[in-house]
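**Student:** If you read the protein sequences in the order shown, they are chains A and B. Count along the first sequence from 1, then add 365; that gives the number in the working numbering. Count along the second sequence from 1, then add 34; that gives the number in the working numbering.
If you are wondering where the hints come from, they were derived from the structure by calculation, not from laboratory data. Just to be clear, a hint being listed does not mean it is correct.
[As the list claims (entries may be wrong)] Here are a few chain A residues that sit away from chain B, every Cβ distance over 10 Å (derived from the structure):
1. LEU421
2. HIS451
3. TYR519
4. LEU547
5. GLY557
6. ASP564
7. ARG719
8. ASP848
[Claimed, not checked] To give an idea of the interface, some chain A residues facing chain B are shown, with a C-beta separation under 10 Å as derived from the structure:
9. PHE419
10. TRP516
11. GLU546
12. ASP775
[Unchecked claim] Using 20 Å as the maximum straight-line C-alpha spacing, the simulated DMTMM-like pairs for lysine to aspartate or glutamate come out as follows:
13. A:LYS530 x A:GLU559
14. A:LYS552 x B:ASP217
15. A:LYS928 x A:ASP370
16. A:LYS555 x B:ASP217
17. A:LYS634 x A:GLU926
18. A:LYS826 x A:ASP740
19. A:LYS414 x B:GLU105
20. A:LYS772 x B:GLU130
21. A:LYS450 x A:ASP500
22. A:LYS407 x A:GLU447
23. A:LYS826 x A:GLU837
24. A:LYS450 x B:ASP124
25. A:LYS455 x B:GLU105
26. A:LYS928 x A:GLU389
27. A:LYS772 x B:GLU105
28. A:LYS675 x A:ASP801
Values in this document were obtained by computation on a predicted structure and should not be read as measured data. Yeah, the Cβ is synthetic: ideal placement off N, Cα and C, and Gly gets one too.
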Amino acid sequence: MITYDAIVIGSGITGGWAAKELTEKGLQTLVIERGRNVEHRKDYITEHKPSWEFPLRNARLAVGTQGAEEYPIQARTGQFHESVKHFFMKDHRNPYVEDTPFTWIQGDQVGGKSLIWGRQVYRWSDLDFEANLRDGHGVDWPIRYADVAPWYSYVERFIGVSGEKLGLPQLPDGEFQPPMELNAGEKFVKAGLERAFPDRRLTIGRVAILTQALNGRLPCHYCGPCERGCSTGSYFSSQASTLPAARATGRLTIVPDSVVHSLIYDAAKNRVTGVRVVDTTTKQTREYSGRLVFMCASTLGTARVLLNSKSPSFPNGLANSSGVLGRYLMDHHFRVGASGVIEGLLDHYYQGNRPNGIYVARFRNLGDEASRRSDYVRGFGYQGGASRQGWARGAGEPGFGVELKRKLHDPGRWSMGMTGFGECLPRVDNYVELADQTDEFGIPVLRIHCTWGDNELAMRKDMAASAAEMLEAAGVKDVRTNDANRQGRLGAEPGLGIHEMGTARMGRDPKTSVLNAHNQAHDVPNLFVTDGACMASSSCVNPSITYMALTARACDYAVAESKRGNL
Amino acid sequence: MKHDSISRRRALQQVAILLGGAISAPTVAGVLSTATRRAWATAPTWAPRTLSPAQLELVATLAEHIIPQTETPGARAAGVHRFVDTLLTDHYPAAERDRFLAGLAGVDGSARSTHGKVFVQCAPEQRIALLTELDAQAYAPGSAADGWFFRRLKELTLVGYYTSEIGAMQELHVSPFGAYRGDIPYSSVGRAWA
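Chain A on its own, in the form it takes in the complex (with noise of 0.2 Å):
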């Protein structure tokens, strides 16, 4: 049997990162993906299909309607529609229990989420990576801004940000290409609120898309839908950046449809030899061996995977001496917010499917006075953008015939609308832990145990209220709030923001964390966590540039500490 340099979980956002390094430094590499192989270019199968040529003309499939069948947790997030089905993960194939509401959206292919990822990226802060100790919730991160500022900064130049760059504190500036545009509803928005709170900024999103070429990636040229798979490989994603990159090397081998049932563990060497899978084809069981270990199967993919790898060393799952795996689950709070509408502008328009929208940085609890909140801490920012009504208003409002077809020939009002993102507390009781029943893989599922606490519930006041407060300041009519949180109940539920996070964190303590500050397991040396599982903290930023930086220099480590023979 080969023994590879190194095996790879995953070939999602972090899967597809840890391939490129680790190739390009030399590793003979095999990335084991559990599900199917999806090619770029040719199977992006809807990729600029007109509307006319979907059956049900890229209807949303929701729960409970013909075509969300085999979708039953996936049709809960509004990004489930006929056009993009295809990427998503047939439920039948992952089920797990919720003991709570948890929605876990998941990709089942090469790629995984990263063909469908909202591509929004964002530095965290020191504010972020010292939250944990500033306020006593969860453990210290063991690394600061300063250790990760140079991996973000060589992830952004390889995958390519564009935006704009503001100074701030909270929300550092990257290595951007050109910036998106505003369109004019945001520009008066902007304007305004601006003008109202000069200490808050509302930007154009800074996004994994292109405006200028990069390593024969070409600029976006706003079709709209990304998540159909670009062929100009305009966004990020494995297929158009990491996994080319990691092919070049002639080091790369990829395994799909080929899902992890547990890492194989030498207790005399204290080391991690292998990987088991299961074949999902012909549900037959193979063994892998390599020397190092990369978990980049998602948070709780990962944390199953660990969990189930169970020996007497580590009876309660690999690397889990601490007793923590599974625990301080997270994810942003988010479906809060106001919008409403603006007035005039009506010679206004824009031309072409900007795959973007406007942000708003993080300005509560900052570390000044000015900023304390009393009722909760930590932060928050917004997402959302401005509009012109189109033809489907015309359903909401009465009359028809003629005159109906006639109002509808012209665009409507602008509406403007934000959403906040919202920090979410790493708490001892958001958990995953292993359940009685397999899969048809016969691989235990997940039971997942997950609520929003005090401290997410008060801030969601804050964010309805404050989007309202900065809309109207800034000269937007017929505001409304909105807040989709059902407590217990479907909604907001924790998992639906994709961002779940946490179960494996970093720490500097062996006996309170899983794993180094270089994503290292303290138990297990040659074992590597680098997808979201291991968070210690949440932010309030869209987590997956973070996760990319830390895969990288954890790659980096990895090899460095293998040529000194430590691993």
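Based on the hints, put chain B in the right spot on chain A.
**Tutor:** Chain B in isolation, oriented as in the chain A frame:
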């Protein structure tokens, strides 16, 4: 139903001729495979799978009243009735489909009690009067349950029309690929993007 049934019959006759004329059109219809029928989805042989011919004609008539032909084609030409049948068959949960069909029956019920005939047989001004009433009821405060059918019919008509090639490319237009411009004069565009 006229347009659909005549052209469907003609197409089946052509198939029968291709096969040597030895078998009748209804038999040919029976041997057309699912795949063939799908490939012919927009072809004249298209047949409804949930709506009866009379219901299909009712939907087409209602939709055409909501988005009529003007200098551009209307809902009937854009095939909104076919889209509605597809949604009812392949997307709607049974309860929602039944509720929609009951709404259709309700339209004919009103037409009968007011004018003594089904909706499609009413004179155009009688139909418009009925629709004006339905439309007013649907958007009146407190009409959530009673107005469901007409609001849904209007929604399906708009979706079916503006996502069709006719609606998106002739009545409105699809934003060209290439660049994003965030602030241009509307007068330079003149139509909403589909």
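**Student:** If you check each hint against the structure, which ones fail?
**Tutor:** Violated hints: 1, 4, 7, 10, 19, 20, 21, 25; rest satisfied.
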